[in-house]
Amino acid sequence: NAGVTQTPKFRVLKTGQSMTLLCAQDMNHEYMYWYRQDPGMGLRLIHYSVGEGTTAKGEVPDGYNVSRLKKQNFLLGLESAAPSQTSVYFCASSYHDSHSKAFFGQGTRLTVV
Amino acid sequence: EDQVTQSPEALRLQEGESSSLNCSYTVSGLRGLFWYRQDPGKGPEFLFTLYSAGEEKEKERLKATLTKKESFLHITAPKPEDSATYLCAVPSGYALNFGKGTSLLVTP
Chain A
1 NAGVTQTPKF RVLKTGQSMT LLCAQDMNHE YMYWYRQDPG MGLRLIHYSV GEGTTAKGEV
61 PDGYNVSRLK KQNFLLGLES AAPSQTSVYF CASSYHDSHS KAFFGQGTRL TVV
Chain B
1 EDQVTQSPEA LRLQEGESSS LNCSYTVSGL RGLFWYRQDP GKGPEFLFTL YSAGEEKEKE
61 RLKATLTKKE SFLHITAPKP EDSATYLCAV PSGYALNFGK GTSLLVTP
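Chains as they are written, first to last, in this note's numbering: chain A, 1 to 113; chain B, 1 to 108.
Simulated from the structure, these hints should not be mistaken for lab results.
Possibly wrong hints are sitting among the right ones.
Here are the simulated DSS-like pairs of lysine-lysine, each with C-alpha atoms no more than 27 angstroms apart in a straight line [as the list claims (entries may be wrong)]:
hint	chain 1	residue 1	chain 2	residue 2
1	B	Lys42	B	Lys63
2	B	Lys42	B	Lys57
3	A	Lys57	A	Lys71
4	B	Lys68	A	Lys101
5	A	Lys70	A	Lys9
6	B	Lys42	B	Lys68
7	A	Lys14	B	Lys68
8	A	Lys14	B	Lys63
9	A	Lys70	A	Lys101
10	A	Lys9	A	Lys57
11	B	Lys57	B	Lys68
12	B	Lys63	A	Lys101
13	B	Lys57	B	Lys100
14	B	Lys100	A	Lys101
15	B	Lys63	B	Lys79
16	B	Lys42	A	Lys71
17	B	Lys68	B	Lys100
18	B	Lys59	A	Lys9
19	B	Lys100	A	Lys9
20	B	Lys69	A	Lys101
21	B	Lys57	A	Lys101
22	A	Lys101	B	Lys42
23	A	Lys57	B	Lys100
24	B	Lys57	B	Lys79
25	A	Lys9	A	Lys101
26	B	Lys59	A	Lys57
27	B	Lys42	A	Lys70
28	B	Lys59	B	Lys100
29	B	Lys69	B	Lys57
30	B	Lys79	B	Lys42
Listed next, the stretches of chain B that the computed footprint assigns to chain A, with coverage defined by at least 3 CB atoms under 8 angstroms from CB atoms of chain A [what the hints assert, rightly or not]:
hint	stretch
31	26-35
32	39-48
33	98-106
Nothing here was measured: the structure is a model prediction, and the numbers come from that model.
Heads up, the beta-carbon is just placed ideally off N, CA and C, and yes, glycines get one too.
Extracted from the complex, chain B is given alone in its bound form (with noise of 0.2 angstroms):
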C-alpha cells in the first residue's frame, strides 16, 4: 500500500531560521510527488510537482528536492507569512494520496 509520512508534525521558526521538512514515501513506482501549502481556513495551493529523483524546484524562500525515498521542502530565511502547513502527495490510482502534513509557525 502506498503511504506518505511527513515530519515533523508541527515545526516553531524563529524569523529568519532556516529549516527542511521531510517527506517520505513508500510506493511502487513513483509518478511525480506534489508539494501544497495549506493556510487556515482555506483549501491547499499547489507548490511543486517533482516527477525523478535529483530534481530540484524553487519558489521565493522554498526549494523542494527529490530522492529516491524522500522529499525536502527546504525554507531559507522564513518571514511569518510562510506560516501554514505544508502538504505532500503523491498519485495513487486516479487521485492524490496525501500526507498529515507539517504544521509551520514562524514567530517575528
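Only chain A is shown next, with the shape it has when bound in the complex (with noise of 0.2 angstroms):
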C-alpha cells in the first residue's frame, strides 16, 4: 500500500526552467493538495482540487498551475522557475473533504538557482 507518492525527491532548476511534479496517490481519495513548506512560514496551500477534472486556486498559486485529468493523479507545473520558488513541495490527499484526515507524500525538495 503504497499511500501517496510524489516524484521527483529532488531537483536542482535554473532561473526561467520549467518542470512538472507529479503526485499518486493509491486510496481513491476525492481530494488531492499541493503545499509549499518554507522555514519560519508552515505549510501553505498552492492548489486542490475537489475531483477528477476539476482544480482551485489556494492560499499562494503564483507561478504555478495544476491538473487533475485521472483522479489518482495530481500534476503542479512551475513554467517558469524563480528562486523564491525554492521550497518543500508537498501533495496531500483526503477522502472526501477537509474533515477527513490528510495522508502527505514525502515530499519534494526543489532549489531554483
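From the two separate chains plus the hints, produce the assembled complex.
As C-alpha cells, then:
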C-alpha cells in the first residue's frame, strides 16, 4: 500500500526553467492538495482539487499551474521557475473533504538557482 | 480570517520530562482540529482529530485535548524517538490551515 507518492524527491532548476511535479495516490481519494513548506512560514496551500477534472487556487497559487486529468494523479507545474519557488513541496490527499484526515507524500525538495 | 497559532516554537526536554504543546485557533465554527507529526525530511503523519470541546484522544505517550479556544498535546514521559515537529491544523474551506509547528527535541 503505497499511499501518496511524489516524484521526483529532489530537483535543482535554473531560473526560467520549467518542470512538473507528479503526485499519485492509490487510496481512491477525491480531494488532493499541493502545499509548500518554508522555514518560519509553515505549510501553505498552493492549489487543490475536489475531484477528477477540477482544480482551484489556494493561498499562494502565483507561478504554479495544476492538472487533475485522472483521479489518482495531481500534477504541479512551474512554467518559469524563480528563486522564490525554492521550497519543499508536499502533496496530500483526503477521502472527501477537509474534515477527513489528509495523507501526505514524502515531499519534493526543489532548489531554483 | 481563520488563524492557528502554536507555542512554543521549540521545546527541549529531558527523557521522561513531561510537558504540553499548545495550539490556539480562531475559526468561525470549528469542524475539527488535527494533530500531525513531521519527522525531518518526511511528510506530516496524522496523529489525531478532535471535533468537540472536552474531547480527548490518546496514543502511546501522547494525549490530545480540545477546548473552545485551544488544543493541547500532552507528552508523558517522552523518549528520544518522540523528537519531531508537531503540527496542528483546522479545516479552512476545502483544505487544512496549518500552524507553524512546535519542534520538539527529547534528549537522553
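### Query
Which numbered hints are broken by the structure, listed smallest first?
6, 7, 8, 18 and 26
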